[in-house]
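So the protein sequences, as listed, match chains A and B.
Quick note on this note's numbering: the first sequence kicks off at 1 and runs consecutively.
Quick note on this note's numbering: the second sequence kicks off at 1 and runs consecutively.
I should point out that these hints are in silico values taken from the structure, not numbers from a laboratory.
The model shown is predicted, which means the values in this text are computed figures rather than measured ones.
Among the hints, a few may not be true.
The calculated lysine-lysine pairs, modelled on BS3-like cross-linking and capped at a C-alpha distance of 25 Å, are [claimed, not checked]:
{"id": "1", "chain 1": "B", "residue 1": "K11", "chain 2": "B", "residue 2": "K44"}
{"id": "2", "chain 1": "A", "residue 1": "K3", "chain 2": "B", "residue 2": "K44"}
{"id": "3", "chain 1": "B", "residue 1": "K71", "chain 2": "B", "residue 2": "K15"}
{"id": "4", "chain 1": "B", "residue 1": "K44", "chain 2": "A", "residue 2": "K104"}
{"id": "5", "chain 1": "B", "residue 1": "K62", "chain 2": "B", "residue 2": "K78"}
{"id": "6", "chain 1": "B", "residue 1": "K11", "chain 2": "A", "residue 2": "K69"}
{"id": "7", "chain 1": "B", "residue 1": "K44", "chain 2": "B", "residue 2": "K83"}
{"id": "8", "chain 1": "B", "residue 1": "K11", "chain 2": "B", "residue 2": "K83"}
{"id": "9", "chain 1": "B", "residue 1": "K62", "chain 2": "B", "residue 2": "K11"}
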Amino acid sequence: DAKTTQPNSMESNEEEPVHLPCNHSTISGTDYIHWYRQLPSQGPEYVIHGLTSNVNNRMASLAIAEDRKSSTLILHRATLRDAAVYYCIPYYSNYQLIWGAGTKLIIKP
Amino acid sequence: EAGVAQSPRYKIIEKRQSVAFWCNPISGHATLYWYQQILGQGPKLLIQFQNNGVVDDSQLPKDRFSAERLKGVDSTLKIQPAKLEDSAVYLCASSHNAGGQDTQYFGPGTRLTVL
């Protein structure tokens with residue numbers, strides 16, 4: 001089965017950048033990489049996605065390795081509201097959607 | 001734009017009872033997903049619909065779980081009979097289509113407790 005590997009948890013100070021890594025070594029050339037986050041007691045929400053090149057939006061940046069076997073979600077200035085579980089999900093072309101346990105991001109004031 | 005609606009928000013039942021959850025996706029979204037999220041774990045996809053057809057139900061325990069999406073809009077997920085291990089949050093999500101670029105929008109979930 002396809003699998004992603006993320007750290008169980010990470011800590012960061014408020015207003016500092018955060019780099020959340022994800023390994024997805026079984027991804028194929030046409031599979032997009034999606035990131036979602038889940039705040040406590042809420043459903044997941046979309047953060048960003050990409051295929052090959054790096055992507056930016058108002059929430060975050062996504063850096064994708066040249067071999068596409070890993071990616072990094074970058075929050076440029078973390079706030080307390082960014083404390084959540086972050087999921088990296090390769091969107092497999094055969095429609096498989098497999099979510100791992102994600103990374104719990106803790107923001108220290 | 002209205003989001004994904006789910007009801008009920010909470011449900012407590014005894015084991016061996018039946019329960020049903022309802023989901024209304026975002027208007028115009030062809031793809032609908034049901035996930036099960038056990039405490040401390042990531043969501044697990046149970047079933048994915050494209051319009052009113054099933055795309056993937058490989059992780060749906062078909063001996064006790066069933067789902068339908070009549071007319072390609074609303075959907076219901078049923079558990080009959082429930083077991084203790086079914087205690088979880090059931091999340092519904094929808095997306096415009098099922099392509100790799102499509103974003104999923106999630107509802108608030110239904111928290112099920114089986115006693």
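Quick rundown of the hints versus the structure:
1. B:K11 to B:K44: 20 Å, holds
2. A:K3 to B:K44: Given that 25 Å is the threshold and the Cα spacing comes to 13 Å, the pair holds.
3. B:K71 to B:K15: Violated, because 31 Å separates the two Cα atoms, which is more than 25 Å.
4. B:K44 to A:K104: Answer holds: B:K44 to A:K104 is near 18 Å, not above 25 Å.
5. B:K62 to B:K78: Distance of about 10 Å is within 25 Å: holds.
6. B:K11 to A:K69: 41 Å, violated
7. B:K44 to B:K83: 17 Å, holds
8. B:K11 to B:K83: 14 Å, holds
9. B:K62 to B:K11: Distance ~21 Å between B:K62 and B:K11 Cα, so the pair holds.
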